[in-house]
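Q: Spelled out from the first residue to the last, the chains are:
Protein chains: 2
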Amino acid sequence: MNQDNRSADITNFVTHLECSKTGEALPAGTVQNLSPAGAPILVRYDLDAVAGELTKEKLASRPADLWRYRELLPVASATNIVSLGEDMTPLVALDNSLGSNVIVKDEGRLPTGSFKARGLVMAVSMAKELGLKRLAMPTNGNAGAAMAAYARRAGMEAFVFCPDDTPEVNVREIALQGGKVWRVNGLINDCGKIVADGEAEMGWFNLSTLKEPYRIEGKKTMGLELVEQLGWEMPDVIFYPTGGGTGLIGMWKAFDELEAIGFIGSRRPRMVAVQATGCAPIVDAWEKGLDHAPLWENASTVAAGIRVPVAIGDFLILQAVRESGGFAIAVEDEAIIAAQQRIGQEDGLLLCPEGAATAAAYLKALEDGLIGKSDRAVLFNCGNGLKYPMPAADAALDRHQPIDWSAIASA
Amino acid sequence: MNQDNRSADITNFVTHLECSKTGEALPAGTVQNLSPAGAPILVRYDLDAVAGELTKEKLASRPADLWRYRELLPVASATNIVSLGEDMTPLVALDNSLGSNVIVKDEGRLPTGSFKARGLVMAVSMAKELGLKRLAMPTNGNAGAAMAAYARRAGMEAFVFCPDDTPEVNVREIALQGGKVWRVNGLINDCGKIVADGEAEMGWFNLSTLKEPYRIEGKKTMGLELVEQLGWEMPDVIFYPTGGGTGLIGMWKAFDELEAIGFIGSRRPRMVAVQATGCAPIVDAWEKGLDHAPLWENASTVAAGIRVPVAIGDFLILQAVRESGGFAIAVEDEAIIAAQQRIGQEDGLLLCPEGAATAAAYLKALEDGLIGKSDRAVLFNCGNGLKYPMPAADAALDRHQPIDWSAIASA
Chain A
1 MNQDNRSADI
11 TNFVTHLECS
21 KTGEALPAGT
31 VQNLSPAGAP
41 ILVRYDLDAV
51 AGELTKEKLA
61 SRPADLWRYR
71 ELLPVASATN
81 IVSLGEDMTP
91 LVALDNSLGS
101 NVIVKDEGRL
111 PTGSFKARGL
121 VMAVSMAKEL
131 GLKRLAMPTN
141 GNAGAAMAAY
151 ARRAGMEAFV
161 FCPDDTPEVN
171 VREIALQGGK
181 VWRVNGLIND
191 CGKIVADGEA
201 EMGWFNLSTL
211 KEPYRIEGKK
221 TMGLELVEQL
231 GWEMPDVIFY
241 PTGGGTGLIG
251 MWKAFDELEA
261 IGFIGSRRPR
271 MVAVQATGCA
281 PIVDAWEKGL
291 DHAPLWENAS
301 TVAAGIRVPV
311 AIGDFLILQA
321 VRESGGFAIA
331 VEDEAIIAAQ
341 QRIGQEDGLL
351 LCPEGAATAA
361 AYLKALEDGL
371 IGKSDRAVLF
381 NCGNGLKYPM
391 PAADAALDRH
401 QPIDWSAIAS
411 A
Chain B
1 MNQDNRSADI
11 TNFVTHLECS
21 KTGEALPAGT
31 VQNLSPAGAP
41 ILVRYDLDAV
51 AGELTKEKLA
61 SRPADLWRYR
71 ELLPVASATN
81 IVSLGEDMTP
91 LVALDNSLGS
101 NVIVKDEGRL
111 PTGSFKARGL
121 VMAVSMAKEL
131 GLKRLAMPTN
141 GNAGAAMAAY
151 ARRAGMEAFV
161 FCPDDTPEVN
171 VREIALQGGK
181 VWRVNGLIND
191 CGKIVADGEA
201 EMGWFNLSTL
211 KEPYRIEGKK
221 TMGLELVEQL
231 GWEMPDVIFY
241 PTGGGTGLIG
251 MWKAFDELEA
261 IGFIGSRRPR
271 MVAVQATGCA
281 PIVDAWEKGL
291 DHAPLWENAS
301 TVAAGIRVPV
311 AIGDFLILQA
321 VRESGGFAIA
331 VEDEAIIAAQ
341 QRIGQEDGLL
351 LCPEGAATAA
361 AYLKALEDGL
371 IGKSDRAVLF
381 NCGNGLKYPM
391 PAADAALDRH
401 QPIDWSAIAS
411 A
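Here the protein sequences come in this chain order: A and B. For the first sequence, position 211 (counting from the first letter as 1) is numbered 211 according to full-length UniProt numbering, and the numbering increases by one without interruption. For the second sequence, position 44 (counting from the first letter as 1) is numbered 44 according to full-length UniProt numbering, and the numbering increases by one without interruption.
Hints in this document: simulated from the structure, not taken from any laboratory. Incorrect hints may have been included.
What the hints assert, rightly or not - For each label pair, taking beta carbons as the anchor points, the in silico distance ranges come out as:
1. A:37 with B:79: 49 to 59 Å
2. A:203 with B:295: 54 to 64 Å
3. B:323 with A:79: 51 to 61 Å
4. B:155 with A:292: 22 to 32 Å
5. B:12 with A:288: 35 to 45 Å
6. A:203 with B:323: 33 to 43 Å
7. B:260 with A:62: 22 to 32 Å
8. B:233 with A:290: 54 to 64 Å
Unchecked claim - Just a sample of chain A residues kept apart from chain B, beta carbon distances all over 10 Å, derived:
9. 34
10. 83
11. 88
12. 89
13. 96
14. 133
15. 149
16. 178
17. 206
18. 260
19. 346
20. 384
Keep in mind it's a predicted model, so treat the numbers as computed, not measured. All residues carry an ideal CB built from backbone N, CA and C; glycine is no exception.
Let's have the full structure, built from the sequences with the hints guiding it.
A: What follows is the structure, encoded as structure tokens:
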């Protein structure tokens, strides 16, 4: 039952919290949202001490869930770990469709069916450690589902606000997992305003993306896992579906921490921020050389998870993309649907629309000469394909009745 | 990338195939459906040789997917393994709702979102090994999705027939994963007749439940994993949602093989076959002391996966239940929905209806005195809760607009 990783014997190495903009230090063990400068807060560790304690061999002997990285995680007391089984996610090769140099990290296999579980299991465990009892967040669906599940497991209240057109499956999942869920006439930033306003009215803790320090610590385990799974080697390029960007920022932080503890060298993958042409603020800012991305008006895409018109961590995303020699790239909805269908049909892997966007971006980047065929590429499939209405199936779907063997033979 | 478990160096120990009814031996490495006596075929291994080769320590050092049990699996050549990442599924405790003695093995975390992946990854890998190119099956949804995914990955054709009222999400998933799918005006046994008739017409291989030897070998890994995860200790009782019953039969076979290689003793859990009151042929046969279960007329339940009016492995299910000192039990749809909602709300775990049926059965068995509070119970959640229309959410779901803080406060 994976008891080892939740052992009380594993030391906590957090030293302090730090403003991502000014570097101002803030005390660990205190409830924090944004920093005094209004920027996301990062968790800092005594990495020299971690280096003296953690070895690759020790890691390899632990059960295969994200808690194996306890020395690089913020939860101090094992009793505060709230878990639904955050097992390592598999790497699935796309030999038939995109070729043997392309692998998918299939995050749809996590609890509540998306990578949001990584961030929220950490944020809720820390909320428990800090004594919080009532949580709230805006969501396009998946984050709210993860928050509700972990919050209820920890005996807390969960208030969730999602855009009115959020798929029914997501809303129902949130409700079934004990979340109190509202549909809001607007997009996720409108939901965010409600959650912010409600802090005073309702006394809830605001778990919005990057507005508290711990979701990023959970998301960074994507980077830790990936590199360990690849035998501590880096891929050449990582395609990441980018909404709020917590995962991209988190992985970039993970690589620095791994280098600091001597597990990897200075080599980094090129980080590629993937967006949809109907909502591409980061791509726009990257192309114009801006540090911040203005709000994208009239955002619209089939990939609802990356329909994020404005991201508070925009400067951190752009910084990681630039430092890595990567790029930001936008893909059409048609290309997303085509990629979802192609990979499903040829490799048997059903991607979510946001994951399919990374596949479409891979193909576009190849065509545009931004990457080469021999580059080892990792695509992040951030959610379970089953959570979506699957428009691509309309084309593939056919019904015949009664049985007509010649129709079957020619199908 | 979990290469170890797919190493060419791991020896294959299959000796022969065997009729489950007469014991007649059939040669391994040949294409087989039912035995000459019309019964399911079982795979037999040289277990003495396995005992000399495999150790618990060797197992523990391997990556955490079902291929770690290669010595007890039928695929001879590693090159025939068709994989989408069949990672071990987590055990999730239900401390808040059912108590700390009840754990769920969450099979919804497998590829294609259900335990059907275990059986089909094995059957399709063996189909590849035997040179088959065209596969067909009847399905209530999940098995067809798994077959389509693995078949396409192996470059084969997949023909799938499901009842007309199969949820749209399942049909779309099958289509998106490259399966050719038909809705049939009938239940799964009617679909089964079409697949049987089509063997001659279409030349396809019939992958129906227990009508080929290898799905059971995949399903038996549930038992292997469970016992290893529990430190080679047995739980007191296993609640298993029973349609075709492959998993229950498979686990029972797994326990015998583990005892034969010296990994466990003679102690066994009580095996409980869980069905819905609207389709309970096995429960009926168990109560009447029959060896076979007659076809259940007008089958109907919200738990579509266990809506199986007649099971070819009925006598094997009943045999395992009886030998184990277990029982068969049927639960009402209302109890299934109530259990799904309760466990979601209190423990944050969204069960599929069939998984929720095992929770309802646990509660009923406790009430009826068939088990005790101190019994360590394992419930099998056979599929991802996201694959279902989630009727339980209707009660939980509420929408308010515009924002009314007093309404939120009292939600």
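Q: Confirm or reject: residue 88 (chain A) is not an interface residue toward chain B, with every Cβ-Cβ distance exceeding 10 Å.
A: violated, 7 Å
Q: Is the nearest CB of chain B more than 10 Å from the CB of residue 149 (chain A)?
A: violated, 3 Å
Q: Mind verifying the non-interface call on residue 83 (chain A)? Its CB should be farther than 10 Å from each CB in chain B.
A: violated, 8 Å
Q: Examine each Cβ of chain B, and state whether all of them lie more than 10 Å from the Cβ of residue 384 (chain A).
A: Violated, since 6 Å does not exceed 10 Å.
Q: Does the Cβ pair residue 233 (chain B), residue 290 (chain A) satisfy 54 to 64 Å?
A: holds, 59 Å
Q: The output says residue 133 (chain A) does not contact chain B. Does that hold with a beta carbon cutoff of 10 Å?
A: Fine: 14 Å to the nearest Cβ keeps residue 133 (chain A) off the interface.
Q: Taking the CB of residue 12 (chain B) and the CB of residue 288 (chain A), does the distance hold inside 35 to 45 Å?
A: About 60 Å separates the Cβ atoms of residue 12 (chain B) and residue 288 (chain A), which means 35 to 45 Å is violated.
Q: Could you tell me whether the CB distance from residue 323 (chain B) to residue 79 (chain A) stays inside 51 to 61 Å?
A: violated, 41 Å
Q: Does the beta carbon distance between residue 37 (chain A) and residue 79 (chain B) stay inside 49 to 59 Å, or does it fall outside?
A: holds, 57 Å
Q: So residue 34 (chain A) supposedly isn't at the interface. Is its beta-carbon more than 10 Å from every beta-carbon in chain B?
A: Its Cβ never comes within 10 Å of chain B, the nearest being 22 Å, so this holds.
Q: So residue 178 (chain A) supposedly isn't at the interface. Is its beta-carbon more than 10 Å from every beta-carbon in chain B?
A: Answer for residue 178 (chain A): violated, closest chain B Cβ roughly 4 Å.
Q: Assuming the hint says 33 to 43 Å, is it satisfied by the Cβ distance from residue 203 (chain A) to residue 323 (chain B) or not?
A: 57 Å Cβ-Cβ, so the 33 to 43 Å window is violated.
In summary, the numbered hints that this structure violates are 3, 4, 5, 6, 10, 11, 12, 13, 15, 16, 19, 20.
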